[in-house]
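**Student:** Put chain B on the given structure of chain A with help from the hints.
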Amino acid sequence: MGRSGKSMGDIMKWLFGLGVLTLGVVLAVPEAEARRFGGGRSIGVQRNVQKAPPAATPAKPAQQQQAAPAATGSKWGPILGGLALGGILAYLFSGNGLAGILLLGLLAFAAVMAYRLIAQRRAPAPQRMQYAGLGGETVLAPPAPSSAREVRLPAGFDVDGFLRGAKTNFIRLQLANDAGQLDEIREFTTDELFAELGRERREAGQRTEVVSLEAELIELATERDSHWASVRFSGLMREAPGSEAVAFAEVWNLAKPADGSSGWLVAGIQQMH
Amino acid sequence: MSRKTDFGFEQIPEADKARRVGAVFDRVAERYDLMNDLMSLGLHRVWKAFAVAIVRPRPGERMLDVATGSGDLALSLAGKVLPGGEVWLSDVNGRMLQRGRDRAIDRGLLAPAVQCDAERLPFPEGYFDCVTVAFGLRNMTHKDAALAEMARVLKRGGRLIVLEFSKVWKPLEPAYRLYSFKVLPWLGRRVAGDAAAYRYLAESIRMHPDQGALAAMLEQAGLSRVEVFNLAAGIVALHRGYRI
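Chains as they are written, first to last, in the numbering used here: chain A, 459 to 731; chain B, 4 to 247.
Calculated directly from the structure, the hints in this document are not laboratory data. Incorrect hints may appear among the rest.
As the list claims (entries may be wrong) - In silico negatives: residues of chain A with every beta carbon more than 12 Å from chain B:
hint : residue
1    : A613
2    : V668
3    : L675
Stated by the list, open to error - What the simulated footprint calls covered on chain A by chain B, stretch by stretch (three residues with Cβ under 8 Å from a Cβ of chain B suffice, anywhere in the stretch; the number is not a length):
hint : region
4    : 565-572
5    : 618-630
Glycine included, C-beta positions come from ideal geometry on N, C-alpha and C.
Looking at chain A on its own, in the form it has when it is part of the complex (with noise of 0.2 Å):
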């Protein structure tokens, strides 16, 4: 009798936990759709621009969800770590003069294998990378694709300050997209997509975290009246609060009229996915 009620308990227990993941998949399907500027979809004008691979960095989204949690977890951390080390350093000095000689020692040899293990790490050795799913083995990395040397660009174009200023439009559009600024979204995009964004109701109120961000021009063009430049766009970003931060790329295709009646707009957005 005893046994069975607790069989009977442990199927309960298992519907139980049954229901509650069918309930998390269909609560979570809504959530998985992509709340960031464009939706996370292709949209207005697209370019035949060159699909460069995908940086190689898939662990990356991992180990920023192991590190959140750690970073959030203790506003003590660092104050008892701090008054932790104050008071090691104190005890190991109070002794005598030699103990402290002997760390001083310690600290100057941990000092130079540090530079020299930076050093190791910044010498250019090939790349060498581990795909999963391969064991131990590493292969070489494929070279990375040096497309900046590819873009012809115009004499005196600021490379560096174009990219600066996409980024930070990158950024504004988001923090606009999330509050549901239409004047600010139409400041930055050309009538047709603004158009089309208009067409899908957005939310106010929605927070969009850019967690890091990477920008590069890969292709620079003047046809008819407008210059065009499309920008790729990668990183990491959080749709949600508090949800894990996912990997993304794609490219923006910017257009300005060449008679400079306007500065640069998003004309449209592509998915490299």
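**Tutor:** Just chain B, lined up with the frame of chain A:
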């Protein structure tokens, strides 16, 4: 005769200090972060994390990080007060400030960067909830004027956090002296290719007011309830004061 100020152990005309300090940072800018890790054995991260814990940033607050350098402290704060709040980066050195600004953008943080002299901050009175300065006060020509400016831009009830090298606990002194005058310049030569810059670092630490003197300067600048937290036996001290 012009007034003199300290540049490490040297006495130089006041008008020259900003330029000399600027030259030091221009020379070491490339290797700055690496050197910080090597010199402090990574401890500067603990010290900055401690400063963030003392600041206790809340969402929506306005913060100013003076002498932000490559922006370590400002970036940690920005993660806590944005969006809704503001974090301003400021530094007198353009190259260091660029590093801070670029690092902020790469982390998806919109934080305005202003190149300015801490003795003349381009902000209205009572604008910020918190002003921080980490390892920067030491390099300023008129520390009293800079502190007074930081107090001026604070709201009433706002707090100033100063993280700076300080006077180490007495029994530790001989070892610390050996480290800063022998090991540091050697490291500076090997890693950043510039021993003189790191000799300046060691000397400027010696010339900086100790815990008690700096606390008095904060009070002089109009801050109240000044508290001192010693870190690593006084190698570094954190001062906090409120504008009331």
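**Student:** Hint by hint, note whether the structure agrees.
**Tutor:** Cross-check of the supplied hints:
1. With 12 Å as the threshold on Cβ separation, the claim that A:A613 sits away from chain B holds: the shortest Cβ distance comes to roughly 23 Å.
2. The Cβ of A:V668 sits about 3 Å from the closest Cβ of chain B, inside the 12 Å cut-off, so the non-interface label is violated.
3. Residue placement check: A:L675 keeps its beta carbon more than 12 Å from all beta carbons of chain B (closest about 15 Å).
4. Using a Cβ-Cβ cut-off of 8 Å, 5 residues of the region 565-572 of chain A lie near chain B, which meets the minimum of three, so the contact claim holds.
5. Only when three residues or more bring their CB closer than 8 Å to a CB of chain B does the claim for the region 618-630 of chain A stand; here the count is 5, and the claim holds.
Hint check: a violation occurs at hint 2 only; the rest are consistent with the structure.
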